[in-house]
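Given the structure of chain A, go ahead and fit chain B onto it with the hints provided.
Each protein sequence line maps, in turn, to chains A and B.
When the letters of the first sequence are read in order and numbered with this note's numbering, they come out as residues 1 to 202.
When the letters of the second sequence are read in order and numbered with this note's numbering, they come out as residues 1 to 56.
If you're looking for bench data, these hints aren't it; they were derived computationally from the structure.
One or more of the hints may lead you astray.
Subject to a maximum C-alpha distance of 30 Å in a straight line, what follows is the list of computed DSS-like cross-link-like pairs (lysine-lysine) [stated by the list, open to error]:
#1 A:Lys61 <-> A:Lys157
#2 A:Lys46 <-> A:Lys61
#3 A:Lys12 <-> A:Lys46
#4 B:Lys53 <-> A:Lys61
#5 B:Lys16 <-> A:Lys149
#6 A:Lys157 <-> B:Lys16
#7 A:Lys49 <-> B:Lys53
#8 B:Lys20 <-> A:Lys157
#9 B:Lys20 <-> A:Lys61
Only a predicted model underlies this, so the values are computations on that prediction, with no experimental measurement involved.
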Amino acid sequence: MTKPTLDDEAFKAELAGLIPHLRAFARSLCGNATAADDLAQEAMLKAWKARESYQQGTNLKAWTFTILRNLFYSEKRRSWRRQQLDPEVAEATLIANDDPSSAMDLLALRTGLTVLPEDQREALILVGAGGLSYEETAEICGCAVGTIKSRVSRARKALAEIIDKSQGGFSGDGKLRASEAFDDIMKQADELSSGSTADARN
Amino acid sequence: MDQHAGGSADDDRSRKLRQKRIGDQLRRLYDEVTEEAVPEEFLNLLEQADNTKNKQ
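Extracted from the complex, chain A is given alone in its bound form (with noise of 0.2 Å):
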C-alpha cells in the first residue's frame, strides 16, 4: 500500500480526463453508440476500482484502453458486440457533408471499418487516430510490437481498396442516391472480406 500512486483524487481528474478517449474507442470497437458507452461506463468504474494496482508514471490511457479492450472481448455475449454499419449512420455521414467526394470516402471509410478484421481495425484505430505508439499498442493489444505494425498495414490497405472501388462507382454522379450509395458499399466491403486478400482486383 506504500507504493508511489496517484491519489485518489488526482487518478479520478485523468480519468475523468480520459473519458473521451474511452467513448472514442469504444465508439470504434461497437459501432452503436449506445453500446459503445455502456461499455465506456464499464471501464471507467473498473479503472477506478482498479486505481491501486495502476503504476504512476506509466500511459494512464494505455492502461484504461487495455481495461476497455479486455471487457470488450471476455464479454462477448454482450450487446455492445459491433453491428453492422447502421443505414441511418449512412445517410447522415452523406448529408452532414457538403463536399461529396468526401463525404463518399467517409462513408466508405466507416463501412470499411466495418468488415475489417478485429484485430486489424482496432490496431490501426489505435494508432491511427487514438494517439497511440505502436509500443503502446502492442501492449494494449497483448502481442508484439512486429504483429501491430502489419495489422495497421493491412488493414490501410484493405481501407484505401474499398475506398478506391467506391469512388469508381460513384464518380461522376452527383445526384446518386445515399441508400444506393450504401448498398453498393456495402457490396464491395462483403466482396472484399469474403475473398480473401489474394485476388481482390479482377
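Here is chain B on its own, set in the frame of chain A:
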C-alpha cells in the same frame, strides 16, 4: 504478395496521398466522438464510486 512491378513515382505519390486522406478521416471519425460533450452520467457514476469508497 506485392506483385506490381516497379510502381512509378506517380503511383507512389497517389498511394501516399490516399493513405494520408484515410488517416485524416480516421482521425476525424475518432475526434467526432472525443469532441462530443461527455454525458453527465459518466461523471455522476465516477462521483458515486468515489463516495461509496468514502463511506466504507
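Practice prompt. Would you list, in rising numerical order, the hints stated earlier that this structure does not obey?
Written response: Violated hints: none; all satisfied.
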